[in-house]
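A.B. asks: Sequence:
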Amino acid sequence: MFWLPLLLVAWIATGLSCARLCLTAYRTARHDTASGNHRELTLYEAAFLSGGPARVTDLTLVSMARTRRLLLAHTGWATVVDPVGGDDMERSVLGAIGPGGQSPIAPVRRATAGTDAMRALADRLVTAGLALPEGTWSGVAGAVRQVRAAAVAVVALGTVALLMPAQGPQGGVPVGPWFALALALNVGCLAVARFEIHPYPRRASPAGRLLLGALPARGGCELTAVAVRGTRALADPRLRAAFAHRDMAHRGH
Numbered sequence: 001m002f003w004l005p006l007l008l009v010a011w012i013a014t015g016l017s018c019a020r021l022c023l024t025a026y027r028t029a030r031h032d033t034a035s036g037n038h039r040e041l042t043l044y045e046a047a048f049l050s051g052g053p054a055r056v057t058d059l060t061l062v063s064m065a066r067t068r069r070l071l072l073a074h075t076g077w078a079t080v081v082d083p084v085g086g087d088d089m090e091r092s093v094l095g096a097i098g099p100g101g102q103s104p105i106a107p108v109r110r111a112t113a114g115t116d117a118m119r120a121l122a123d124r125l126v127t128a129g130l131a132l133p134e135g136t137w138s139g140v141a142g143a144v145r146q147v148r149a150a151a152v153a154v155v156a157l158g159t160v161a162l163l164m165p166a167q168g169p170q171g172g173v174p175v176g177p178w179f180a181l182a183l184a185l186n187v188g189c190l191a192v193a194r195f196e197i198h199p200y201p202r203r204a205s206p207a208g209r210l211l212l213g214a215l216p217a218r219g220g221c222e223l224t225a226v227a228v229r230g231t232r233a234l235a236d237p238r239l240r241a242a243f244a245h246r247d248m249a250h251r252g253h
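Counted from 1, the sequence shown has number 145 at position 145 by the numbering used here; the numbering is strictly sequential.
Hints should not be assumed to be uniformly reliable.
Stated by the list, open to error - Now the in silico label distances, taken between C-beta atoms and shown as ranges:
id, residue 1, residue 2, range
1, Asp87, Gly213, 24 to 30 Å
2, Thr67, Asp116, 21 to 27 Å
3, Asp116, Leu16, 39 to 45 Å
If you're looking for bench data, these hints aren't it; they were derived computationally from the structure. A virtual CB, placed ideally from N, CA and C, is assigned to each residue, including glycine.
With the hints as constraints, model all of the structure from the sequences given.
C.D. replies: Structure, rendered in structure tokens:
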């Protein structure tokens with residue numbers, strides 16, 4: 001019965017990882033409150049729930065470019081035309097561009113993400129029950145990784161148990177099905193997590209996802225489409241080129 005310690009380790013790893021994933025998913029679901037279900041999202045809020053601070057910055061840049069207060073070159077640079085911001089987010093973007101009035105888009109995104117205006121937006125959405133607190137999604141992702149590791153460990157331990165000398169049925173109890181059951185539990189948890197969690201924005205709570213789903217991302221205003229789907233929704237090829245250049249530069253680093 002030398003395979004029993006291996007089976008015990010496999011089931012302990014399975015139990016701990018699956019329990020962590022279930023507990024983390026439960027805590028995430030608790031942030032779904034009814035308070036946010038009776039309001040409409042602003043464009044900034046929709047952008048934050050869909051893509052975080054970077055999406056909010058992109059939306060602000062596009063909005064200012066559309067009103068000729070900012071020029072976005074196809075090379076990925078932003079140039080200020082009107083240095084007066086219409087709201088806190090626009091003022092944050094202008095401050096991130098700097099006193100020279102010109103900057104690549106990538107540093108502007110990074111600088112704007114840490115501004116007071118962005119933190120206030122995030123706090124407001126969390127308080128309303130529309131966004132998950134900072135770190136919640138990383139906890140879910142970590143739990144998913146742990147379940148995957150447990151599944152790999154079960155396969156490895158089961159293989160070792162089956163390859164050990166004289167590891168046929170012991171007392172009428174076959175070895176393989178016990179490891180297969182642990183593996184099935186891990187795979188089932190991963191399948192449920194992918195179905196329930198993976199398709200949704202990482203920052204939006206269940207209530208926030210409901211409000212995002214009500215936005216006319218494909219048939220409405222272009223700024224709404226940018227807020228929900230990102231800069232790939234832009235119809236202007238020059239603006240798309242500006243953000244595409246930004247994305248390639250970011251990947252290059």
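A.B. asks: Going through the numbered hints above, which ones does this structure break? Give me the numbers in ascending order.
C.D. replies: No hint contradicted; all consistent.
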